[in-house]
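Enquirer: Sequence:
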Amino acid sequence: MNVRSRLSFAAALIPVLALTACASSAPAAAPRASSDPEAAVTVDNCGTKVTFDAAPTRVVTIKSTSTEMLLALGLGDTIVGTAFQDGPLPTSLADAGTGLVSLSDFVPSEEAVLGVEPDLVYGGWESNFAADGAGERSELEGLGIHTYVSPAACKEKGYQPEKLSFEDIFDQITEVGRIFQVPDAAAAEVAREKKVLDGITPANGDHSALWYSSGDDTPYVGAGIGNPELILDTVGLVNIASDINDTWSSLGWESIVADDPDVIVLVDATWNTAQAKIDKLRENPVTANLSAVKNSRFLIVPFAAGEAGVRSADAAADLASQLADLKLD
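The numbering of the sequence shown is this note's numbering, which starts it at 131 and goes up by one.
No false leads were slipped in.
Within a straight-line C-alpha distance of at most 25 Å, the following computed DSS-like cross-link-like pairs (lysine-lysine) qualify:
{"#": "1", "residue 1": "Lys179", "residue 2": "Lys287"}
{"#": "2", "residue 1": "Lys179", "residue 2": "Lys285"}
{"#": "3", "residue 1": "Lys410", "residue 2": "Lys424"}
{"#": "4", "residue 1": "Lys457", "residue 2": "Lys424"}
{"#": "5", "residue 1": "Lys325", "residue 2": "Lys293"}
{"#": "6", "residue 1": "Lys179", "residue 2": "Lys293"}
{"#": "7", "residue 1": "Lys293", "residue 2": "Lys324"}
Hint data in this document are derived by calculation from the structure and do not stem from the laboratory.
Start from the sequences, fold in the hints, and give me the full structure.
Expert: The following block contains the structure:
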């Protein structure tokens, strides 16, 4: 099937996709302010200025952070396709996400994106927007399709948070609320998350931790300025990779063994489970004698909670609860 034929086929699917979305049990969209040309919203997003003359109504979300953001704000009815999701939705959003249509398990092609005729593509990473991915931002804009990247994932100098804070996450929620004209829903979500954070009793800060995402020969870990660092700091743990000025980084086993973290946070993914990591840590003579391994001091976090978003506060609360159960203090 040639490109034109595939595009025609994708276009033919649009009524079916729309019907599927309508059949979803997701709640009705949050009340939106009336469209007002005088109320256009312009954002400087990772160095790209985007002007929204009206609230988007047909959105493709790439990565879990963007999908969950819209669901949390009651905007599930605007999602015409998802892609590259990092794992199951959290229980709190599962019902709202019923009926979502997946365009791809990975970064979608531009052809797949154009096939559902979005007016916005909301990506979790800047790298989602490339010629061999969903399309370059400038090209999509030229086709009348706006783009937006989760600000916490910006990499450009001056846009990447120097060290992520919950205020950065709250600012993103507020900005998305402005773009979609649902400021009340955004304010309610921020208030909910602040309440969750207020309920966390952090540890005394004397215990160290490794945030272990993936990798056998060379671990890929949460470094010093991103979401893992924010969550560890919130629960009162000292990140052994906090001196690395990046969100994620490789870190050699020699360095990890030398630091001998009190706790290891294990990222749980369907393709690389926390239990699989535990088994390998115990089998490897280099890591078997780590204090956290010998004493089974493991905390588990879902892969989709590793990036900054609406579940960061909940992930912190969950890790704080798991940490309390270890009774390190």
